[in-house]
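Please assemble the complex out of the two chains, which come individually in their own frames, going by the hints.
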Amino acid sequence: MTPFSETPLPTAAVDRTTWTPLLELSAREVFDIMLCTRLHPFDSPAKSSEGAFTALVGLAGSLRGVLSIRCNDQAARIMASKMLGMPIEEVDNDSWDALGEIANMIAGNFKGKLSGIGNHCMLSVPTIITGTDYEARSLGAGNTIEVIFEFENKPLWVTLELNE
Amino acid sequence: MSQIRALIVDDSSVMRKIVERSLRQAGLELAVTEAGNGAEALGLLDANPVDLILSDINMPVMDGLEFVRQLQTVDKLRGIPVVMITTEGSESNVVQALSLGAKGYIRKPFTPDQVKEHVLPVLGL
Numbered sequence: 006m007t008p009f010s011e012t013p014l015p016t017a018a019v020d021r022t023t024w025t026p027l028l029e030l031s032a033r034e035v036f037d038i039m040l041c042t043r044l045h046p047f048d049s050p051a052k053s054s055e056g057a058f059t060a061l062v063g064l065a066g067s068l069r070g071v072l073s074i075r076c077n078d079q080a081a082r083i084m085a086s087k088m089l090g091m092p093i094e095e096v097d098n099d100s101w102d103a104l105g106e107i108a109n110m111i112a113g114n115f116k117g118k119l120s121g122i123g124n125h126c127m128l129s130v131p132t133i134i135t136g137t138d139y140e141a142r143s144l145g146a147g148n149t150i151e152v153i154f155e156f157e158n159k160p161l162w163v164t165l166e167l168n169e
Numbered sequence: 095m096s097q098i099r100a101l102i103v104d105d106s107s108v109m110r111k112i113v114e115r116s117l118r119q120a121g122l123e124l125a126v127t128e129a130g131n132g133a134e135a136l137g138l139l140d141a142n143p144v145d146l147i148l149s150d151i152n153m154p155v156m157d158g159l160e161f162v163r164q165l166q167t168v169d170k171l172r173g174i175p176v177v178m179i180t181t182e183g184s185e186s187n188v189v190q191a192l193s194l195g196a197k198g199y200i201r202k203p204f205t206p207d208q209v210k211e212h213v214l215p216v217l218g219l
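First to last, the sequence lines map onto chains A and B.
Counting in our numbering, the first sequence runs from 6 upward without gaps.
Counting in our numbering, the second sequence runs from 95 upward without gaps.
In isolation and in its complexed conformation, chain B is listed as follows (with noise of 0.2 Å):
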């Protein structure tokens, strides 16, 4: 398997690093590179492109969906497959994230295996 360039977008450290274990606990060999909201994500975007984009929705400055709904307005990046990542787990939200470009929706808490099961799919793997 190559190596998956994966961004993890997420207001807590902790939880990046823990969305960071449970990739590689998938499986995945990865280069991860973080953000701490979608704006600082989007700015990071610019110059390091990646395979895999996994986002929080409830964030400061930027939350998630404002960050998949700018994503979608940048060719380059629109193609990239979205996973939200989030407490946010109501209904509304799911149906917004997906009509946004998302590709796929897991809600904390979560277990290693939620995370494979959620994130090889959308990777085709």
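Extracted from the complex, chain A is given alone in its bound form (with noise of 0.2 Å):
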């Protein structure tokens, strides 16, 4: 790993009433740009049992929590579809690594987007998990940010939940 120092955020980076806009557009930008597809909000009441494939990416350094996001199968298979440009039924194991991918850039593309943060923040590994009988905590949980997008007709979850 790349060594870092954990320099105090410059104040601008710590205004936080931007940064549910600015997730949001972190996770537009992936999807446009790497699936060619638009993201628009999700509007009705979404289930969570909708959410069976999560994909989780660590945060370290100035910004600490974890960053997820959270589909069903079927549209973990489309994204991976549609990232690699091939046939629904010809995606494999492709779509936990797709959704893996995904949640990386999300949460690199965040984070570069917070000015100052982006030299002070490192990236885990993306980590994914099935099913939908578990509860996630991060330790010493602060904030949650969560947007919520329509995928292919079903809710996509995307978390940031904040250590402070």
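There is no bait here: all hints are sound.
Derived pair list, reagent style EDC-like, types lysine to aspartate or glutamate, alpha-carbon separation capped at 20 Å:
| no. | chain 1 | residue 1 | chain 2 | residue 2 |
| --- | --- | --- | --- | --- |
| 1 | A | Lys-87 | B | Glu-114 |
| 2 | A | Lys-118 | B | Glu-185 |
| 3 | B | Lys-210 | B | Glu-123 |
| 4 | A | Lys-118 | A | Glu-151 |
| 5 | A | Lys-52 | A | Glu-140 |
| 6 | A | Lys-159 | A | Glu-55 |
| 7 | B | Lys-210 | A | Asp-37 |
| 8 | A | Lys-159 | A | Asp-78 |
| 9 | A | Lys-87 | B | Asp-207 |
Worth flagging that the hints you see were computed from the coordinates, not collected in a lab.
Okay, here's the thing in structure tokens:
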């Protein structure tokens, strides 16, 4: 891993009123560029049972926490299909890998938008969880920012859980 | 254009496929070798000479920065152009990668055009 210092964040970087729209923008850009897909807000009440695939990316350094994205199996397969430009029938375990990489790119894109944070925050290798019967907790959790998009008529959760 | 022997290093197989597709879309005729981390890549390079390396930074076992650092210690590998492709787009990582010998830097998410724009000049094309 690259050595880094835990230099305090510049004041502008901790103005969290802008973080929700920045997280939303970060996800939109990744889907727009890598999947040629425009994300829209999910207007209906989202059932958590529709999110059986979760990708987690840890953040360490000046920004500590976990970024996760969650969707159902079919959505994950469609994401892989769109990223790879291949028919959905040919997508196998690529859907796990694709979801992890999307989470990684959203996290990287998000931290890059926070002035001064990029140099002081590192990302973990993604972790994938399947199933809905679990509860993930980030120790020392403080704020949670969550955006729910519609992807292929199903909810797609993008969540940033921050440790204070 | 002659065939380019490219080594793509990324722990994500999906990303390796996307990078390969982007290189082909840039008009390159390719013979591709893949590795999931820097250590695996170094092992492959011993027996498989390449003309171009594209490497992620954030990988298990051996990250991309250490991989580039080790490339520079081997005479026959030192001259291979390396382009980093990563979400770790922080300025310090860019400076470090370039100072270690990388010739270019592409930040994820990327378009095929961005891959073309950064890779072709490195190959003198």
